[in-house]
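Engineer: If you want the building blocks of each chain, they are given just below.
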Amino acid sequence: MSFDVDVTRRLGDVQVGAAFEADDGLTVLFGSSGVGKTSVLNMIAGLLKPDWGHVRVGGETLFDSAAGIDLPPEARRAGYVFQEARLFPHKRVRANLLYGRHEGAALDIDDTIGFLGIGHLLDRWPRTLSGGEARRVAIGRALLSGARFLLLDEPLSSLDRARREEIMRAILHIRDALRLPILMVTHDPEEAERLGSRIVRM
Amino acid sequence: MTSGEYDAAMTLTPEEWTVVLLSLKVGAVAMAATLPVAFALAWVLARGRFPGKVLLDALVHLPLVLPPVVTGWLLLIAFAPAGPLGAILADGFGTSVLFRWTGAAIAAGVMALPLMVRAIRLSIEAVDVRLESAARTLGARPARVFWSVTLPLSVPGVLAGLVLGFARSIGEFGATITFVSNVPGETRTLPLAVYSALQRPDGDAEVFRLAMIAVALSLVALVASEALARRSGRVRHVL
Numbered sequence: 262m263s264f265d266v267d268v269t270r271r272l273g274d275v276q277v278g279a280a281f282e283a284d285d286g287l288t289v290l291f292g293s294s295g296v297g298k299t300s301v302l303n304m305i306a307g308l309l310k311p312d313w314g315h316v317r318v319g320g321e322t323l324f325d326s327a328a329g330i331d332l333p334p335e336a337r338r339a340g341y342v343f344q345e346a347r348l349f350p351h352k353r354v355r356a357n358l359l360y361g362r363h364e365g366a367a368l369d370i371d372d373t374i375g376f377l378g379i380g381h382l383l384d385r386w387p388r389t390l391s392g393g394e395a396r397r398v399a400i401g402r403a404l405l406s407g408a409r410f411l412l413l414d415e416p417l418s419s420l421d422r423a424r425r426e427e428i429m430r431a432i433l434h435i436r437d438a439l440r441l442p443i444l445m446v447t448h449d450p451e452e453a454e455r456l457g458s459r460i461v462r463m
Numbered sequence: 444m445t446s447g448e449y450d451a452a453m454t455l456t457p458e459e460w461t462v463v464l465l466s467l468k469v470g471a472v473a474m475a476a477t478l479p480v481a482f483a484l485a486w487v488l489a490r491g492r493f494p495g496k497v498l499l500d501a502l503v504h505l506p507l508v509l510p511p512v513v514t515g516w517l518l519l520i521a522f523a524p525a526g527p528l529g530a531i532l533a534d535g536f537g538t539s540v541l542f543r544w545t546g547a548a549i550a551a552g553v554m555a556l557p558l559m560v561r562a563i564r565l566s567i568e569a570v571d572v573r574l575e576s577a578a579r580t581l582g583a584r585p586a587r588v589f590w591s592v593t594l595p596l597s598v599p600g601v602l603a604g605l606v607l608g609f610a611r612s613i614g615e616f617g618a619t620i621t622f623v624s625n626v627p628g629e630t631r632t633l634p635l636a637v638y639s640a641l642q643r644p645d646g647d648a649e650v651f652r653l654a655m656i657a658v659a660l661s662l663v664a665l666v667a668s669e670a671l672a673r674r675s676g677r678v679r680h681v682l
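So the sequences go chain by chain: A and B.
In this text, residue positions in the first sequence follow the working numbering: the first is 262, and each later residue adds one.
In this text, residue positions in the second sequence follow the working numbering: the first is 444, and each later residue adds one.
Please note that a few of the clues may not be correct.
[Stated by the list, open to error] Below are the EDC-like pairs computed for lysine to aspartate or glutamate, each with C-alpha atoms no more than 20 Å apart in a straight line:
(1) A:Lys352 x A:Asp331
(2) A:Lys310 x A:Asp285
(3) A:Lys310 x A:Asp265
(4) A:Lys310 x A:Asp267
(5) B:Lys468 x B:Glu629
(6) A:Lys352 x B:Glu575
(7) A:Lys310 x A:Glu335
(8) A:Lys352 x B:Asp571
(9) A:Lys310 x B:Glu575
[Said to hold, decoys possible] In silico negatives: residues of chain A with every beta carbon more than 10 Å from chain B:
(10) Val275
(11) Trp313
(12) Arg317
(13) Gly378
(14) His381
(15) Arg402
(16) Leu433
(17) Ile460
Hints listed in this document are in silico derivations from the structure and should not be mistaken for laboratory results.
The model shown is predicted, which means the values in this text are computed figures rather than measured ones.
The beta-carbon is built from N, C-alpha and C at its ideal position, and this holds for glycine as well.
Bound conformation, chain A alone:
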């Protein structure tokens, strides 16, 4: 069991939450905008504390309100790729990629840079990157941080068709070759059908 999630949190007047279990592969969190899909990712990554519930990934408990477990974000080893890439503007691409790097990480740097096709960007500043380039760098940065699973927030939004294909190929590579569990948020049914081995509706 890769993801075992059951969380709720009240945000203003709305109750946001999700409950699902998923095996290896890519799980799609699907729903129209505004239902709180990003909040669920934040709760799994440890950036938003659920009022109640549990988050288990790959058998390890990251959060459990009943047991009083709440790992800080830096201990969860979530590879979180935000919708806006959130690259550090004061660091070049290379330093961004290596920010979360530590000894004994499983992924090889050159391989990762290679399959993402970002080798020519290493000395650039984030503000000079296109949307698709920034997103690939953000995926690389998350992978190289020693992530045990990936959280992708609308990874294909606001990109043209060619860029979408590039990112999609990268995601499929991560799913099939690197075999990392992925939880991906989208509101596009076509993406959900094509990529998801399991679809959770919110």
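Chain A is already provided as a structure; the job is to place chain B on it using the hints.
Structural biologist: Showing chain B alone in chain A's frame:
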């Protein structure tokens, strides 16, 4: 005026050099001592949520709105040998800052504090907290997030605050003369020297020379802080 007379009128006397160097020393020491305090206060005011925040904000801004003479008088009471801070210095270190250049630096630092806190606070508030949460998910503990993300991104504001504060320190008059008097070579900084020269019938040339130095220093500071502010605006945007 012959060229010899012109040179004599435009050349600083040794006493005036002392004034200029003392002013730079007072300004530099005031900045070095005030910066950590200003940063801590700016951080607390930008990020903290606690009762009494409005009061702290008002206290920090007090030197900006109080008559400087009153600030100087308050410092004098605090640092007098029997005052709360003066007693600590006297008993603990056998020293005093009254009539000393260190006192002038304290006055300058206190007067510069509000300006520095404002500039630094703005730049801390402009740091995108979403970048900080991204750093957390990449495995960085809060201390590393601060040193690697928050601080570098607020550096332009810190530098702008330093420049403004330095200029303010160099220009400090009222609090300094009230607190540590006008002692040549010790507390007579640039504005105090201008004031003294104005009291003398033959002081015109000296006033002119010192005033030109003040104008030059202030212009450099303003241009530098403007350039830094513009840079901080460019760094602020986030992909």
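Engineer: None of the hints should be skipped; say for each whether it holds.
Structural biologist: Evaluation of the provided hints:
| no. | hint | result |
| --- | --- | --- |
| 1 | A:Lys352 x A:Asp331 | 31 Å, violated |
| 2 | A:Lys310 x A:Asp285 | 25 Å, violated |
| 3 | A:Lys310 x A:Asp265 | 16 Å, holds |
| 4 | A:Lys310 x A:Asp267 | 13 Å, holds |
| 5 | B:Lys468 x B:Glu629 | 11 Å, holds |
| 6 | A:Lys352 x B:Glu575 | 14 Å, holds |
| 7 | A:Lys310 x A:Glu335 | 14 Å, holds |
| 8 | A:Lys352 x B:Asp571 | 15 Å, holds |
| 9 | A:Lys310 x B:Glu575 | 16 Å, holds |
| 10 | Val275 | 21 Å, holds |
| 11 | Trp313 | 22 Å, holds |
| 12 | Arg317 | 18 Å, holds |
| 13 | Gly378 | 18 Å, holds |
| 14 | His381 | 18 Å, holds |
| 15 | Arg402 | 7 Å, violated |
| 16 | Leu433 | 23 Å, holds |
| 17 | Ile460 | 24 Å, holds |
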